[in-house]
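**Q** Read off the chains here:
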Amino acid sequence: MARELWEGNQAIAEAASRVGLEAYFGYPITPQNEILEWMSRRLPELGRAFVQAESELGAINMVYGAACTGARVMTSSSSPGISLMMEGLSYIAGTEVPMVLVNVMRGGPGLGNIAPSQADYNQICKGGGHGDYHPIVLAPASVQEAVDLMPVAFDLAEKYLNICCILIDGSIGQMMEPVELPEMRPVQRKDFPWAVTGAKGRPRRILSSIYLDPPEEEKTNLRLLRRWQEVQEKELRYKEYFTDDADFIVIGFGTAGRVALSAVRAARAQGIKVGLFRPITVAPFPYKRVAELAQRVGAFLVVEMNAGQMLEDVRLAVNGSIPIEFYGRLGGVVPFPDEILSEIQRVAKAKLSADADPIANWMKRMEMVAR
Amino acid sequence: MQTELILAGFGGQGIMFAGQVLSYAAMDIGKQVTWIPSYGPEMRGGTANCTVVISDEEIGSPVVKNPDIALVMNLPSLDKYEPLVKPGGMLVINESMVDRSARRTDIKVISIPCSEIAEQIGNIRLANMVAVGALLSGLDVLTVADVEAALMAHMPGRHRHLLSKNIEAVHRGYEYAKAHAVVTR
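Sequence order for the protein chains is A and B. 1 is the number of the first residue of the first sequence in the working numbering; add one for each residue after it. 372 is the number of the first residue of the second sequence in the working numbering; add one for each residue after it.
The hints are simulated quantities; they were obtained by calculation from the structure and are not laboratory data. From a predicted model like this one, the values you see are computed outputs, not experimental measurements. Treat the hints loosely; a few may be bogus.
In silico BS3-like pairs for lysine-lysine, Cα to Cα no more than 27 Å straight-line [as the list claims (entries may be wrong)]:
| id | chain 1 | residue 1 | chain 2 | residue 2 |
| --- | --- | --- | --- | --- |
| 1 | A | K239 | B | K436 |
| 2 | A | K288 | A | K239 |
| 3 | A | K273 | B | K436 |
| 4 | A | K273 | B | K457 |
| 5 | A | K364 | B | K436 |
| 6 | B | K536 | A | K349 |
Pulled from the structure, derived: some chain A residues nowhere near chain B, Cβ distances all over 10 Å [stated by the list, open to error]:
| id | residue |
| --- | --- |
| 7 | M86 |
| 8 | L212 |
| 9 | E230 |
| 10 | E312 |
No residue lacks a Cβ here, since even glycine has one placed at the ideal position from N, Cα and C.
Isolated chain A (complex conformation) (with noise of 0.2 Å):
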């Protein structure tokens, strides 16, 4: 297929129609509204169903409702939107059926603003409902990876009966690339054995998220588990750029990986070894990975639109065995990457200590960036 060049939002909406997406609820809010426009549009003349819903809460029910039949469903939103829709979220994974979310980030907390943010990566990478649950998130560094990423958000949703979101932020949302989009499939209903569809001529089947009976939830609770081993052992991406013989390595995901890849290429040019982790599953995180990194290099430097929250799982992956330093813009600000590349100069030189504390030692630096 021919490169078409399209905006983010678009070109998930599109990629989505394509890879059989039977129905869309949403509710509009700011970066992402171009994603319920374009299903507005697209889904009606494809047949399927849109539905622009009264609210957040609405919208999320609706994709309960319709998970439970079976169908491919999804829905979109940003930080504040996707709060609002917490509550059904975690009974869509009590419930075990599939579906997919897009999170196109902003910064916050509060309303925040509408510029783009990586800072509800704990919200979302940790269940952000309440109970014992794990979404799978994608975090795709852009437009390409997004809609060759939506395809598999699908099949994984429906593999392991999972919310699976993918996680961009307002930038990769709006920002136009050259991009090949799948090719258009037709809508192919799975006969799923749970699925609720009618019961005329065979038994009755019950979605519910409703177990009072604690040890049949805990039986749950179990399942859910062992499912998120699987995917934990299955299926985890992540690209690596000049790892091989880097002395140090900077990790960063979605848009601030890719933007610390020009300031890697630029300390590369200086004759600084340095690599740089993206990973693209940020749930299940790639610890492993990053653990078998840390064996091999002196440090890592962590870069993040947020306050250090991968932060956290890399540190719970190098577990105290290597220094790691930490740089992150806040609040909807995105570093360039000469702000980025002044970090990996100071890290090149820096007598590091793996006993410090990164964030600490960060926000020392800010008082002279942030004033």
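Following the hints, position chain B against chain A.
**A** Relative to the frame of chain A, chain B by itself:
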């Protein structure tokens, strides 16, 4: 090789579209390209800018602090981006909308009355395409023919009747810039 551009002006001056035209042209000749907008919540009258990165390899950062080329369509954009252009880079100024000349002496400066030229062609809204033509005079990676082909291939149907005027605007901008470029280096 990588080329980084920032295009800036008021909302409504066609800055976003100008960046997209360059992006389409870059894509069509097989380059990697990113186009990223930045604007306030207001649609018209506020400041708007977009960053375009054209490269032979996978593009890292879509945001750029020090562009190789800046195109500024109004005074606030000139004040903001003139100091940020890379030494040896290029600054294209829409002199119809500014009341001062460039201060930098280590960059190539093209000052062009985009709005007046656009009015001569018959539509002041073509000022953005005049500016694109001027910019092409100093952009090694794309030719006027590439941009012309991109306009023909990608201009939305509702604007197709303006195609020949757009192409004329690009040519006029390019020719003016070739004749009037000030190199103070």
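**Q** Each hint should be assessed against the structure and marked as holding or not.
**A** Hints, one by one, checked against the model:
Distance restraint check for K239(A) and K436(B): the Cα-Cα separation of roughly 26 Å lies within the 27 Å cut-off, and the hinted pair is therefore satisfied. Straight-line distance between C-alpha atoms of K288(A) and K239(A) comes to about 14 Å, which keeps the hinted pair within the 27 Å bound. For the proposed pair K273(A) and K436(B), the alpha carbon gap of about 24 Å is at most 27 Å, so the pair holds. Proposed proximity of K273(A) and K457(B) is supported: the alpha carbons are some 26 Å apart, at most 27 Å.
Proposed proximity of K364(A) and K436(B) is supported: the alpha carbons are some 24 Å apart, at most 27 Å. For the hint linking K536(B) to K349(A), the alpha-carbon distance of about 57 Å lies beyond 27 Å, and the restraint is violated. Chain B leaves M86(A) outside its interface by the beta-carbon criterion, the shortest separation being 27 Å against a cut-off of 10 Å. Look at L212(A): its CB is around 48 Å from the nearest CB on chain B, clear of 10 Å, so calling it non-interface holds up.
No Cβ of chain B comes within 10 Å of the Cβ of E230(A); the nearest lies about 32 Å off, and the non-interface call holds. Under the 10 Å C-beta cut-off, the non-interface status given to E312(A) relative to chain B holds; the minimum distance is some 25 Å.
In this structure, the one hint that does not hold is number 6.
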